[in-house]
Amino acid sequence: MNYLRHTGVRRCCVALAALSVMGAHAAEWNVQAGLTQRHDNNLNNSTFDSDIARDKALNFFASTATLWPFESGGDLGFRGAWSAEAYDRYEGMDHYALTGELSGRRKWGLGPFAPWTRVAWSATRLNFANSIRNGWLRQLTFSTGKRLTEEWSLYADYRWERRTAHDLAQRIAGVSGDVFSQRGRNLNVGVEYAWSNSGWLDATYLLRDGDLVASTRIHRGSTIRAVSTAIAGDPVFGSDFIAYKLSGKTQGLSLAARYVPARDWQLSLSLQHWRTHGAGNNDYKRTQTTVGLQHDF
Amino acid sequence: MIFRKLIRAIHRCRLQPGLSAFLLAFLLAFLSAWSQSSLAGKITAAVKDQAGRPVEDAVISALPLDARKIPPPQKTQDEVDQIDKDFVPHVKVVYVNTLVHFPNKDNIRHHVYSFSVAKKFELPLYAGTQSAPVLFDKAGVVVLGCNIHDWMLGYVYVTDTPYFGKTKNDGIAGIDNLPAGDYLLRVWQPRMEDSEESTGRKVTLNTDEGKALEWQLTLKPDKRISRTSSSRGGAYR
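Here the protein sequences line up with chains A and B, keeping their order.
So in this note's numbering the end of the first sequence lands on 297, straight run, no missing numbers.
So in this note's numbering the end of the second sequence lands on 237, straight run, no missing numbers.
Bear in mind the hints are in silico, worked out from the structure with no lab data behind them.
It should be emphasised that the depicted structure is a prediction, and the values quoted were computed from it without experimental measurement.
Virtual Cβ for every residue (Gly too), placed ideally from N, Cα, C.
Per the computed footprint, the stretches of chain A lying under chain B, defined by three or more beta-carbons under 8 Å from a beta-carbon of chain B, are: (1) 66-74; (2) 104-114; (3) 143-151; (4) 196-206.
Chain B with its partners taken away, still in its complex shape (with noise of 0.2 Å):
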């Protein structure tokens, strides 16, 4: 009806027949993104540790049960700053196939490296923003170091999946724009106790709708190594 509608008004207007094509597969295309994004479902999830506080960089990911629906991953481009001797984000998420730039904002080198199973890198000594970008071809957790600040420490959480989230201060994350149907929901943060896998649910998203969900992690002290410099031991006067 409404397609009726707009195509009689066009025509009214008496436009050239090339225009007139051109704005009509426009307002198609419009028309299209714009019932399929308020078709989608979207996902909120809550994550609290032990004793109910909520918990800051917790990675929720969604990863469609039927593997057709996992869109095939694009090599696109992202970064980790180093702004004042750390890793900025402290946690970043990124989807497999990622380009991640690690900019040196700071007027000091750095020299960033990871040993995770997930990637191995080095960026030896560097300074300035220029930095060769790192490619994270393989899903998993990689803990990022600097050499020379041993405090440093960062995580690139690499999903399997493009539909993630990441909890803020408020320990709230949601992922928008899922396609119905059926999703293995898991949660992950630096500091939990338990696996990875032992967060894992079933969800079955119908198109349109919402769905809050709540987890409760386990987590360990937040125990890292001291930023500021010690007078070790005591000479003798």
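Isolated chain A (complex conformation) (with noise of 0.2 Å):
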């Protein structure tokens, strides 16, 4: 557990104490903290069996949202967070992320089964202990939902997302080195089920199309180097690996629970799995189970 020694962490647990002061002075500010341990059977999103990358890692979260709503029905939204997440084998993935998001919300109606559309817009940093992933990512997102009844809603959102990150060395002639800049398009649509006053199901499929960057072994360079865009080095993963740009589209299914035990906090349980269909049949499969509790303040 070298997760406290993560100088991102530390900061994470002072900006959360500061964060639950300022909930506890300023009501009209909706504050939220948290913690989530999570698996992952392919953090490097390996093709080959033999590269595949497992660990597990926990994610230290505050943030903190304000609304200002309109009589019309809707609301501007401003939200902050930070986050800090360890990994328990390879360091290099450690990182922190800092988020702006403003939002805009229109219901179109009084009351909970009035259906709504939300735009938001938001900028990450993003610092990892190895800083070849350092950047930036920027999204645009256009969500809908409608409540049916008390027990089930509906909502989907498609969002646009921009990562920027160095151009790195190139590894090999004639191949761009800037690996981690990204561009894809996503489509979430999912649905929620209220078992009772204080448990949840949600059920989300999600396609995305766009680059995708997977990390293997240098040897195998030869037969992604056709379809690759990008390849640079990556030794979070070993001094022998190189991570690759290459375009794809991706199907997934997640599936949480999420239970209240007790009024503002909340334990959720998540499974997520995504297929990949990458270009030159460079495809691979990842799934990742979460744990998770949050605290409104």
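Put the two chains together into one complex, using the hints given.
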């Protein structure tokens, strides 16, 4: 458990304490904090079984959001979030992220069953223990949803994402080293079911189209070079690893259960599975299981 | 006998005639009120759910079957608070023609509304405790919501009789000061599966009589909109 020695985690704890104090004195701000433990069975998106990196990560997060509601139904929102993630084996993946998000929401009617639409723009600064993945992630998301009954609600969102990172040194002549700058489009469609006053199930289908980054051992370079748009060394997973970028499509399913054991506390358990078809049949699967605890201040 | 003794006692005090008449009138009024309350009936209701657990927030109403015995509604005032993004109390019982205030004791704004047939109203975004009161002039159940905080849910139960009670967490409610007569007693609870009419019971109450009644309700599961936020779906990493 090297987590607590990580600078980002320590900073997060300080931020969490500060946000708690803010939440207690300014109720119009919604403050949340929590931690999750995640297991990832293919952290590096590897196509090749022998190169797969499995690991678990502990994530601390704290966020604060404020809303300016309109009389006509809707609101403008701002959210700031800080998170720090520490990995058990691949410490180069340890990172912290600072996010700012602006959003506007319109409710098309009065009451909880009125449909709503939302647009949000966010920018996240990512700083990793190994700096090759450092960069900015910007996202524009259009969401819509409708509560059908007290038990059932539907939602969907479409998101454009753009990640910019350092242009790394060329590993192979003639192939760009700008691996971690990516673009992608995501579609999420989900349904939520309340099984009791304090428990919810959530199922979401995901479809993604865009750039992918995978890491593998360098001797596989010849098989991936033809389809990669960028290649660079990736020492996070080993000195003989390279990261490569290619285009592909991902389909995924997320199942989550949330339980509220006491007011403002939330326990969650989720399973996410993705199947990716990359250019040149660079296909891979990835599964994450996550348990989490969150508190709303 | 007792009156005569009191009158003699007052005379012995040799008070001025005006003052003694005033004291006498006061005494008679007091005794009349005392005798009425001591002669009034009382109903104690115990409400349980299908598992035998006490049911909170069940409204018991006693409607005199002789309509002439229903006192005409007066314009009275009451209130339903908004505290920590919840309606307090969760269920409020008022007699028809009551003005209800909705003070907002949070330091954020609320937007209170109701779509209910018994009262449709909207109090657009407001802060503070000085909200315009709403007149509940029709008997029935009024479901309250907040358009900003979808999980906020409350009820105003408007009765057509001034004789009502609401169960506490022990499932017990009492209705005091019921004049002797025939009544239709009914129970309502927000989560009850059956209709309120199906709980109706006719009860005859004699002078100075107390009656204890029990109801067993079948309650639906308490499924409400989540107050806590959800991180929906799973972003691809």
